[in-house]
Structures are given as C-alpha cells and as structure tokens.
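Same order as they appear, the protein sequences are chains A and B. With the working numbering as the guide, the letters of the first sequence map in order to residues 12 to 695. With the working numbering as the guide, the letters of the second sequence map in order to residues 0 to 210.
No lab work stands behind these hints, which were simulated from the structure alone. Treat the hints with care, as some may be off.
[Stated by the list, open to error] Derived pair list, reagent style SDA-like, types lysine to any residue, alpha-carbon separation capped at 25 Å:
#	chain 1	residue 1	chain 2	residue 2
1	A	Lys202	B	Val130
2	B	Lys4	A	Asn21
3	A	Lys153	B	Ser121
4	A	Lys408	B	Val130
5	A	Lys153	B	Ala60
6	B	Lys29	A	Lys606
7	A	Lys687	B	Asn153
8	A	Lys678	A	Glu525
9	A	Lys256	A	Asp270
10	A	Lys606	A	Ile297
11	A	Lys288	A	Asp270
12	A	Lys687	B	Val130
13	A	Lys542	A	Ser605
14	A	Lys153	B	Thr180
15	A	Lys202	B	Ser66
16	A	Lys256	A	Ser605
17	A	Lys687	B	Leu65
18	B	Lys29	A	Gln422
19	A	Lys408	A	Ile637
20	A	Lys153	B	Leu208
21	B	Lys29	A	Asp538
22	A	Lys202	B	Asp9
23	A	Lys50	A	Met163
24	A	Lys687	A	Arg174
25	B	Lys4	A	Ala149
26	A	Lys147	B	Ser66
27	A	Lys416	B	Val130
[Claimed, not checked] The following label-pair restraints were derived from C-beta to C-beta distances:
#	chain 1	residue 1	chain 2	residue 2	range
28	A	His432	B	Ser13	48 to 54 Å
29	B	Arg165	A	His432	56 to 62 Å
30	B	Ser13	A	Gly434	37 to 43 Å
31	B	Ser13	A	Ser52	36 to 42 Å
32	B	Lys201	A	Arg142	37 to 43 Å
33	A	Gly413	B	Arg165	55 to 61 Å
34	A	Tyr143	B	Arg165	45 to 51 Å
35	B	Lys189	A	Gln98	50 to 56 Å
[Unchecked claim] Partial pick of chain B residues on the chain A-facing surface, computed with a CB cut under 10 Å:
#	residue
36	Ser13
37	Glu14
38	Leu17
39	Ser18
40	Leu19
Cβ atoms here follow ideal geometry from the backbone N, Cα and C, with glycine treated the same way.
Okay, here's what each chain looks like letter by letter:
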Amino acid sequence: MSIKILINGNEYEFEENLTLIQALEMTDIEVPRFCYHDKLSIAGNCRMCLVEVKGAPKPVASCHFSLSDLRPGPNGELPEVLTNTEQVHHARKGAMEFLLVNHPLDCPICDQGGECDLQDQALHYGINKSRYKENKRAVDNKNIGPLVKTTMTRCIHCTRCVRFTSEVAGTEELGAIHRGENMEITTYLEKGMSSELQGNIIDLCPVGALTSKPYEYHARPWELRKTESIDVMDGIGSNIRIDSKGSEVMRIMPRYNEDINEEWISDKTRFIWDGLKSQRIDSPYIRENGKLIAVSWDRALTLLTELIKKTDPNRIGAIAGDMVSAEEMFLMKKLMEKIGSNKYDCRQDGSILSNQYGRSSYIFNPTIAGIESADALVIIGSNPRMESPVLNARIRKRWLTGQLKVFLIGQEHDLTYTYTHLGESPKNIDLKNMPLNNSKNIIWLLGDDVFLRDDGMVVLSKVIDCAEKTGSIRDDWNGLAILHKHASRVAGLDLSFLPLDENYSAKKMAKSKEIELLFLLDADEVDAENKYRIYIGSHGDRGASNADIVLPGACYTEKNGLFMNTEGRLQETNRAVFPPGDARDNWKIIIEISKRINKSLNYINFEDVRADIRKEYPIFTNINQIEKDCFQDLNRLSGQKQKLSSDIFANTISDYYLTNSIARSSKVMAECSMQKNSVEIRNG
Amino acid sequence: MIDTKKENKDFSFSEQNLSLAEYELSKYPKGREGSAIISILWIAQKQNKGWLSPEIIDYVANFLDLSQIRVMEIATFYTMFNLSPVGAYHFQMCGTTPCMLSGSDELKNVLYKEIGEQNSVSKDNLSWVEVECLGACCNAPIIQINDDYYEDLNAVDLKNIIDELRKGKEIKSGSYKDRLTSAPLNKNVKFFTQDEIERISKNRKKPGLEA
C-alpha cells in the first residue's frame, strides 16, 4: 500500500509501512536526531526529530510516527507534514535546551569534538546562552573495559549503546540504572564488556560519553587524512576508513557497505592500529652466528641471491600468509615459476581445501546479505562469533525476525542466538535430525577449520549431498557457504597458489628436509624447520624470529592490493601511510629478487602487475563484484563414499584477539585478551 | 545507594517462597517469564530482610532467564527495592510538600537524632530514608514503617514509637490523632444528611442519561 502526503507543500508518494523520519530522509530533508538509528529499534526519547503534522495538537516525533497513522484533512485533503515552520524550530530548540541543561561545556577537551552530533545540531538549534542557573548533574565514569572510555557526565541518555548491545551484539551488558535525573548508563556492577563488537558503540554515541580509549587525546578529526580501504583481520573484508596523521595510522573506522558489514566492524578490525606501529621490521636482517643483525638491502639481497643460486630449484618452496594481497601472491607464483619450482601454498594453517571442484566449492555462495533471506542455517565445525563477529551479527539479525532456524554441529558456543545442537562430530550430519522440510533457503555454513581435518573433503561431500537432497543448491539459491577466517585465502585459491602435489602443502613443506629454501610471504603461523628461511613481511613475529633472512615489507594499511572476501567479492585496499624505515612494498621486493637472480619479472609499475593479473585471471577485474560460478562442479564432490572420522570438530581459534601477527603486536589486543581470560578464570 | 560487595552467600528461595514465585510466573505466557520480575524481586527482598544483595540479583536473573543488568535496571528504578541493608524496622519518611508543611522536618530531626544518617543501619537495627509522596497527604505527616503507615505524627509520637519498637513492643498503625481513616479531624464538622445530599444532587444542572 502506498500513501500520498504533502511535505512542506510538495506531494510525495511512499510505502505505508515507513516511519515519517524514513520518508523525510528519502526526500532529502534533514531531520536532526540523537536516539534514532536506522539499524536499531526505535526509542523516541531525544525529541529532536519533532515535526509538525497538520491536525495534530502538538509536534510529533517523526522517528516513531508511522505514515499509516496520517489522516486526510476534513475535506479529503492530503495529509500534510511540515518540517521548516516556526513551531518545529521552536520545539526542537526546546528539546535541545533540555539536552544541554546537564551537558558539560567541555568540548575543547572532548575527543568527540569536531564529529559530535550534539555540537553540530546545537549550532542550528542551540540558544546562545543558558537560562539554567542550578548546578549541573555530574556522573561518575564507568570502567567498562580496555576499549571504550566513558565520560558519563556527557551522556544525553539516547540509549543507542544499550540498544546496540542487546539487539545487534546480542550481549545484554549495558543498561540504564536509576531513573530520571539520576539515570546512568552502565554495565552490571561495572563489569568489563565482553562483546567483540563493542567498539561500535563509540560510533553510535552521538556525544562524547563513549569514546575510544586507545585513541584518547591522539588527534582531532579535522587533522586526519581519510583513506577508504578494507580490513584483513577476517575473511569478510569489512569496509573501513583508515584515519592517518602524518606517517601514523591514528584510528580505523567502519565504512557503510550494506552487502558486507552494514555499518559495524569488529573490535579486532577497529583497535588493531596500535599493532601497526609496534614490532615493525624497519630494515633487512640476516642471521649471523645465530643472531639476527640489521644489514642493508643490498647485502640481504646479495646473500639471498647466493642462496637461491646454490639451491636446487626443486628444493625451493614458498608459503603465503593470511594477509597478503592477490598481486603479491601472483608475483610470488611468477617468481617461483621463473626459479623453476612449483612448490608454493597459500594455506599456511594446513587446510586441504583446493580449487579443483570449482569456485563455488570454496566460497560463501549465499552471500552475506543473502543470510537475510535464509530460513534455516546449519553451522558445521565453525564458531562464527569468533571467526567473523560481523557476519555473526547478521545471522543474529535474521534470527531476531523469528524466521531463521539454526542448527549446530560442532563444539557448543555462546553464539548470541539459540540453536539446536545436533552433536559434535561429522557423523551427526544427518538429515533425519534436522526438520528442514519447510525451509526453502537453507545455508550450510562450514568453517574453514573443517578442512584442517583429514576427512575435510569427505565432510564437504556429505554436506553437498545433504544440500542437494534438501534442494538448497539450485539456480536461484546456492546454500553452500564456506566461512573463511583469512583475508587472502579465497584469492590464493582463485590464483591457484597451491602445490600440484599435496605432499608439498604448507605444513609439510615447513617440516620437510627436502625443501631447503623456504619463502615465507607474511606467513607467521608455520614453524619452518628448513635450512634457509626467507621471511618477507611487516611484523617481527613468529615468522621473522625464525628466519635467516628478513626482508621488511608493508602491511595492509600501507599497500594497494586486491583481496577476495569469503563471498568471492573482489575488493581493494588503499595505501594510507608509507611503510616505516627501510621497509618496502612486498611486490617491489619480489620483483627486486627476480632481478637479482637474472630472471626478471618485467613489470615497471604496479598498474602493469594489476593489468597482467586481470589478463590471466579475469575474475580479478570487477571491484566489489562477485563472479558467479556454476555449481555443476559440486556434483563431482557429492556422493563420495569415504569414511568419516568420528573425531569432534575442533575449534582452532584459541584467542579471538590474538589471531595474527599484527594483533599479537598490539598492546590493546593483549589487554583485551587478558581481560577475557581473567573473566573466564573467574567464572571457572 | 548500591551495595556492590558480594558476600559469597548463596541465595535461593525458601520452599514456600519458591511456590509463590512459581505462582507469579504462571501468570505470564511461556517465554515471557521476565514480566514477573517485580513480584519475584519483592518476594526475594522480603525473604532477605528487606534488601536485595548482588547475589539475589544474580539469582533472580538466573531464575527468570534475564541478564543481570536488566534485573538491575528494574531494581534501581523502583524505590520499593533497597539495594543496601536496612534495619529490622525501616522508616520511610515522606518529605514531600504536604507532609513538609505539616511538620515532617521535625520528624526528620528526630530520625537523625535517634537512628542516624539515612540509608545506614543503627546499632539497634533501625534505618530510615526520606521518600517522595506516599499518597496519604490528608493525614500528613506520615511515615511508613515496614508495611504499615503511621499518620498524623509529631515529634513526640515518633519518639514514643521508636522507644516502643526498641523495647520490642507492638505499635499502633494508622492515625495518631484519633482520626477515622482520612475523615476531617474536627469532630464538630457538619456532615450532610442523606436528605441534604439528595437535594444537592437534584439541584445539579447536569441532564440525566437515558438508558
């Protein structure tokens, strides 16, 4: 049903199920608001969005006034809404005056200054002096963990943070205690917050009551250079904005992308930036007498050239890490081919997932936005809350509508929504236990931990069997969803950065005496025991400390690069700052090595590399697009009659906050991890 | 004031209170047990000598399958819930306008002298707090002691009440000026007879309703 209304004298037509503020938004009329947020439930307590409705005795709050409640005039005139009258302005001014009664005038020392909703709106609706002579209210600050700093005197009680934690994050931790003048936002007995999405309440807070603790007094928003980029902490590639000042990343903010992260990002994405500055490798190192010493690029590369020349090409291998771009893997693969070796792998965790069954066997086919049209979800061997908190919030969003049934096979976790637990081992994948008859769009979500098992492909085959039997793989819906937790894995599989022979998989190469020289391209999760280990990467973590030659590279905020997220969506990072010290772009390092060994890769600039990768792999052409692949290849996987092991699905994320080399270098992440562990110990 | 110290004393409903709590739960549909929160908190407060300790909040949260902060929100919103220990006799003195004009300040002085600071328990196990309107303004000033109202008080009456309570004697609730419920105090006041009431009502201009 649609409805015609007059807004400020102009006629518009809208769907009837909208609220007034949504309709006004669609006509590009700006309505001031504090408590209303289109991803949260409606509270209607700030009273800033008041508008005049003809016939109504007083101004109405447009955020919770439904268009279907508008009535025509006595002679059948169209319902009329006015947003720019004297009455509206006066009403908003009144609301603003009350909000400012208890709000301190500490904008000069407030971190929100410059990007504060209250500050901006007070410019339009504030009055220039205060009529309030009494003492202002003062509220104690709350300690709610290492990420969110509170200055509760500034709070205007919009309750966005309370609604976010209970609705989106699914951890009912924040609440408003006491009442009226004494109302305070806090956690129960000032416990630290446990959500992996808590950083988002900083963005939601319209004033400076909740600000970022690590970013405290670091910079002003107008001093920051903003670079749009994407995140590499998990597989979904949340869209981010990197705010930098000079040569330093100051903070990371979410960027709106309805298809991926809506407007949320996880805490690891948001607060990782202090890890970008510590433990950085800023010059090449070589190992002499068991100790790493800093040397010049020339010396390190000369040594490397000698090593490559004296080693049999068949005894040279390469492992790519989880945060490298597609270009880097592409060049590394080219380099290895020039050297004459085909022993390279992008699966440093030992996964057996390969690309031989087509693209749809290793991506998240239903897409993240597709979760919102699913009516059943079977999670197999995964903990989406740890592997991808933002995706988990999407599942919860769908679950809250009451139209999603969730089944879990694997270890039990608090996923913030309820599920039917069907068992812990692959034997429990059985359609008999799942009442899926009435479900049309079923998602079969497999964690990539499943492929760390020897019977990983058999599990996949069994799942495809089930999916086909329930009709969840068809032309308009492919329900097979592999949830990757590594940013570069899908691109690696797309590029076939894989060994021809599984005997040369990353895990085996690292332990093999046969491989004498191993390139570790940002790979920190393998314990290489080879004769010569060459680490190219950004952080002095496990990989670098074991290496014989360390070549300093750039990390994701310092390079342009293509990444495929778990859906198979192509995205790119953009350089926000330059790598520190003598560190260089990884692609330049690889090309330099190729020149030194006289097997030059003929690329002059980065655009050439990108053009070439697109020529060979057209899938890397369209940014922000998912190349749909046919799912016929999946048939080859189904019906495999191998034996399933009865081992339970193990979960490999032991600590959400410390999953990669950047996170392990971050002090903030270490604090989060400490707090989480201490809570777990206290709760037994 | 919130007492946040956990004493690590386990709390659970007594058998009788448990059946009462379950009766309260049965008033609400399944999945909406949280709606019973006020009744449940009240039962728990009664069992725990008039106040809610953090252990009780945990217990009630568990009992109703709510998060602790949701229980805390309710417990702090209503003044009927005490979040710090109270005495065996808890005085709630009304200090709102009618009571104040009728002399509640005198009562307040007595309470300060006899019991001590607000929200603290005296040595002889009494406590007091000033509250907003108790809704019995015509019998002002009033004090609520535990579950009963004590009305038309003055400083002497209050002192007597406290002394009696200390001796462990029963005290009379209701008005201390021999008032019949909330009828006017002056015994010579003229009451309308039934005839007069009928005459007055007939003279009213309001037309009657045709049924």
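Now for the hints, and whether the structure bears them out:
no., hint, verdict
1, A:Lys202 - B:Val130, "violated, 30 Å"
2, B:Lys4 - A:Asn21, "violated, 61 Å"
3, A:Lys153 - B:Ser121, "violated, 31 Å"
4, A:Lys408 - B:Val130, "violated, 43 Å"
5, A:Lys153 - B:Ala60, "holds, 22 Å"
6, B:Lys29 - A:Lys606, "violated, 73 Å"
7, A:Lys687 - B:Asn153, "violated, 57 Å"
8, A:Lys678 - A:Glu525, "violated, 39 Å"
9, A:Lys256 - A:Asp270, "violated, 30 Å"
10, A:Lys606 - A:Ile297, "holds, 20 Å"
11, A:Lys288 - A:Asp270, "violated, 31 Å"
12, A:Lys687 - B:Val130, "violated, 41 Å"
13, A:Lys542 - A:Ser605, "holds, 21 Å"
14, A:Lys153 - B:Thr180, "violated, 48 Å"
15, A:Lys202 - B:Ser66, "holds, 13 Å"
16, A:Lys256 - A:Ser605, "violated, 35 Å"
17, A:Lys687 - B:Leu65, "holds, 22 Å"
18, B:Lys29 - A:Gln422, "violated, 28 Å"
19, A:Lys408 - A:Ile637, "holds, 23 Å"
20, A:Lys153 - B:Leu208, "violated, 61 Å"
21, B:Lys29 - A:Asp538, "violated, 54 Å"
22, A:Lys202 - B:Asp9, "holds, 20 Å"
23, A:Lys50 - A:Met163, "holds, 24 Å"
24, A:Lys687 - A:Arg174, "holds, 23 Å"
25, B:Lys4 - A:Ala149, "holds, 24 Å"
26, A:Lys147 - B:Ser66, "violated, 32 Å"
27, A:Lys416 - B:Val130, "violated, 49 Å"
28, A:His432 - B:Ser13: 48 to 54 Å, "violated, 35 Å"
29, B:Arg165 - A:His432: 56 to 62 Å, "holds, 60 Å"
30, B:Ser13 - A:Gly434: 37 to 43 Å, "holds, 40 Å"
31, B:Ser13 - A:Ser52: 36 to 42 Å, "holds, 39 Å"
32, B:Lys201 - A:Arg142: 37 to 43 Å, "violated, 53 Å"
33, A:Gly413 - B:Arg165: 55 to 61 Å, "holds, 59 Å"
34, A:Tyr143 - B:Arg165: 45 to 51 Å, "holds, 46 Å"
35, B:Lys189 - A:Gln98: 50 to 56 Å, "holds, 52 Å"
36, Ser13, "violated, 25 Å"
37, Glu14, "violated, 28 Å"
38, Leu17, "violated, 24 Å"
39, Ser18, "violated, 28 Å"
40, Leu19, "violated, 26 Å"
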